[in-house]
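Enquirer: Here is how the chains run, residue by residue.
Number of protein chains: 2
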Amino acid sequence: MRTEMANSEQTLKDTMVLLSRTPIALDALLRDLPDNWTHHNEGGTTWTVFDVVGHLIHCERADWMPRARIILEFGESRPFDPFDRFAHQRESHGKSLSELLDEFASLRTASLAELKALNLQSFDCGRRGRHPALGVVTLSELFATWAAHDLTHLHQISRIMAHQYRTAVGPWSAYLGVLQCNGHSS
Amino acid sequence: MRTEMANSEQTLKDTMVLLSRTPIALDALLRDLPDNWTHHNEGGTTWTVFDVVGHLIHCERADWMPRARIILEFGESRPFDPFDRFAHQRESHGKSLSELLDEFASLRTASLAELKALNLQSFDCGRRGRHPALGVVTLSELFATWAAHDLTHLHQISRIMAHQYRTAVGPWSAYLGVLQCNGHSS
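Chains A and B, in that order, give the protein sequences. Numbering follows the numbering used here, in which position 64 of the first sequence is assigned residue number 72; successive positions increment by one, without gaps. Numbering follows the numbering used here, in which position 7 of the second sequence is assigned residue number 15; successive positions increment by one, without gaps.
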C-alpha cells in the first residue's frame, strides 16, 4: 500500500512535468510553420494540425480540471458532462494557429496552477468518479489520461504532417513507420 | 513541368523549415524530463526516448547530408554507404539526454547551413542516386525523407512515452489511439 501511494504521488509529479511541456513543444514545432504542414489533413473529414490544437484547447476548458472538480465534489454520484469532440471547429473559426497556440499555453498554465493549488495527497488520487460511458474511474486515472492524451495528439500531429510527404519520399515510404500508421490516434 | 519545378522548390523550403524545428521541439519536450519518461522502453529490445535521440544524431552524421553529397558527386554510380541502425547504442554510451539534445541541435544546424550553402535549384532536386536496397532515388526524395524521418521518430517518441502510462490510464486506454499503435514506427 505504501508503495502504491508513493507511486501515485510520483506519477502525479511526472504527469505535471509532462503537461507543462506540451504547449512549449507544440509552439516550438508549429508556430509560423508553412500552412502545407499545419492546414492539410489526411483526407476526407480527418483533422488538420490546426484542428488538433483547437481540440486540445477545448479539452483544457471542458475536460480535465472540470472533471477533476466533479470527482472531488460529487464522487461517483454525478457523471461527467458529455464531451463534444467537434466543439473546436466552432471555437477555432477565424483564428490563426498562433492565436490557438497562445490560448492553449495560457489555459494549460491556469489548469496546472489550479491543480497545484489543490495540494492533492496520495489518498486523494484514489477518489472515484463516473465517466458517462466508461463507468467508474479514479482521479489518478484522469490525470494519467490527461498526459497520455497530450501524447496521443502529438502522435497524431506527427502522422498528419508526415502524410503531406507520403508521395514526396518516393520508395523510402516503406521504411517510414509513421506512414504505415492507420489513424487509430485520431 | 513548370509546376513541378515550383513544387519541388516549395517542398525543399518547407522541408528546411521543419528540419530546423525538430531539435527545439524535442528540447522543449524532453530536456530534464523525469527518467520515467525518457529512459523506459516499450518492452524487450525496443528503444527508449534516449535511444531515439541517439539515433537521430547518428543519422545526422552518417545519413542525410553525406548521402546528398554522394548523389551530387557520384549520381547513380556509387550506392550510399550502408546505414548502421545500432551505432547510436555505442555512441550515446555514458552521455546524458541533455548532452544528446545539444549534440543533435548543433549537428542539425550544421547540416542545414551546408544544405543552404549548396544553393540547390529545382533541377538539382531531380538528380538521382542509388540506395543499396531501394535502388534509384532522387535528391528531392532524400530531403523529403529527412523531414518524414524526424516525424516518424516524433511519432515513436510520443508512443514510447504514452506506453509508460498504459496501465495508469485505467479504462481510458480504449480511447487513446497512441496505445493501440503497434510499433510500426520503430
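Since the hints were derived computationally from the structure, they do not count as laboratory data. If you're wondering where the values come from, they're calculated on a predicted model, not measured in any experiment. Don't take every hint at face value.
One copy or two, it doesn't matter: identical chains are merged, so the pair holds either way.
Stated by the list, open to error - Below, a list of computed lysine to any residue pairs in the SDA-like style, where the Cα atoms sit at most 25 Å apart:
no., residue 1, residue 2
1, K21, R174
2, K21, S85
3, K103, H47
4, K124, D43
Enquirer: For K103 and H47, with the copy left unspecified, which applies at a CA distance of at most 25 Å: within, between, both, or neither?
Expert: Classified as within; 12 Å inside a copy, 38 Å across copies.
Enquirer: When no copy is specified for K124 and D43, does a C-alpha distance of 25 Å or less occur within a copy, between copies, both, or neither?
Expert: Close across copies (22 Å), not inside one copy (36 Å); limit 25 Å.
Enquirer: First find the shortest C-alpha distance between K21 and S85 inside one copy, then the shortest across copies, and answer within, between, both or neither for a cut-off of 25 Å.
Expert: neither (28 Å within a copy, 55 Å between copies)
Enquirer: Please sort K21 with R174 into within, between, both or neither, judging by C-alpha distance up to 25 Å.
Expert: between (38 Å within a copy, 17 Å between copies)
Hint 2 from the earlier list is the only one contradicted by this structure; the remaining hints agree with it.
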